[in-house]
Amino acid sequence: MICPGLEFTASWKRITTSGLQPQEASTESELTDPEDERYLTFIEHLEEFRIRIIRIIIFLGAASAFGYIMTDPVLRFIAQPVGGNLYFFTPTGAFFAKIKIAFYIGGFITIPFFIYQVAAFVFPALTKKERKYTGPFVILSTILFFIGFVFAYFVVLPLGLKFLLSFGGEALSPLININRYLSFLFWFTIAIGVLFELPLVSFFLARMGVISPELLSKRRREAIVGLLFIVAIITPTVDFATLLIVSIPLIILYEVGILLSRFAVTKKTDQG
1 MICPGLEFTA SWKRITTSGL QPQEASTESE LTDPEDERYL TFIEHLEEFR IRIIRIIIFL
61 GAASAFGYIM TDPVLRFIAQ PVGGNLYFFT PTGAFFAKIK IAFYIGGFIT IPFFIYQVAA
121 FVFPALTKKE RKYTGPFVIL STILFFIGFV FAYFVVLPLG LKFLLSFGGE ALSPLININR
181 YLSFLFWFTI AIGVLFELPL VSFFLARMGV ISPELLSKRR REAIVGLLFI VAIITPTVDF
241 ATLLIVSIPL IILYEVGILL SRFAVTKKTD QG
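Under the working numbering, residues 1 to 272 are what the sequence shown spells out, in order.
The set of hints was computed from the structure by calculation and includes no laboratory data. Note that the Cβ used here is the ideal one computed from N, Cα and C, for glycine as well.
Here are the simulated distance ranges between beta carbons:
{"id": "1", "residue 1": "Leu175", "residue 2": "Asp72", "range": "16 to 26 Å"}
{"id": "2", "residue 1": "Gly84", "residue 2": "Thr127", "range": "50 to 60 Å"}
{"id": "3", "residue 1": "Ala94", "residue 2": "Thr237", "range": "25 to 35 Å"}
{"id": "4", "residue 1": "Glu255", "residue 2": "Tyr87", "range": "37 to 47 Å"}
{"id": "5", "residue 1": "Lys162", "residue 2": "Gly135", "range": "36 to 46 Å"}
{"id": "6", "residue 1": "Phe184", "residue 2": "Ile51", "range": "32 to 42 Å"}
{"id": "7", "residue 1": "Trp187", "residue 2": "Ala94", "range": "18 to 28 Å"}
Based on the provided sequences and hints, a complete structural model is requested.
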């Protein structure tokens with residue numbers, strides 16, 4: 001019976017102290033036969049890490065350059081929730097707004113390449129059992145994040161902005177700063193996307209023995225209060241309807257996380 005958390009600790013130790021070179025670990029025998037393993041020194045690890053970081057930066061730069069070409073249609077798209085009108089108040093405002101959008105698009109495009117580089121660096125040091133979860137984790141986490149992203153942009157944001165702008169009435173018209181709007185939109189959608197990862201996080205923490213289904217169930221009330229507090233901070237409004245619309249899916253995801261954590265513990269027990 002393996003002590004909870006030891007598999008995770010062992011994996012991290014292998015990565016930081018003795019990991020394998022990806023190009024030399026293409027077959028199962030190379031990973032399991034100690035005589036065929038070639039270990040990297042600490043300096044070689046840093047060099048490989050540096051090379052992969054450089055690749056990611058170059059890819060991000062190229063993707064952002066492509067993103068700059070797409071800034072005008074993207075601007076029209078993101079301006080729809082506020083009636084299609086966004087403004088800049090300094091001579092450089094429009095320029096920096098387009099640069100921001102270009103980097104946001106570039107970052108979005110770079111996500112798969114970033115995941116690949118991280119996997120290529122870490123994967124050779126994982127055990128066969130640990131590798132089995134790598135693919136499903138990447139796929140499910142990406143799907144959950146984008147579901148949260150879409151939910152935030154197409155459901156929560158229009159309702160919240162409609163509520164806030166309604167206070168202007170007929171006497172006041174909004175002049176929304178494009179750069180502030182972009183920063184708000186970016187962090188708001190990212191935050192909701194990350195919160196939608198709750199079930200997956202619960203599963204893997206339970207799998208590693210960090211938490212238990214009993215703990216999640218026992219602390220359900222505190223967790224829900226914490227979720228409501230986080231939602232109240234990140235949502236654009238404080239009206240009850242918007243808080244309810246955002247909170248209900250997150251509470252459901254928390255319950256799904258409890259079910260997945262039970263499955264993780266049961267499966268781990270069966271495997272012995």
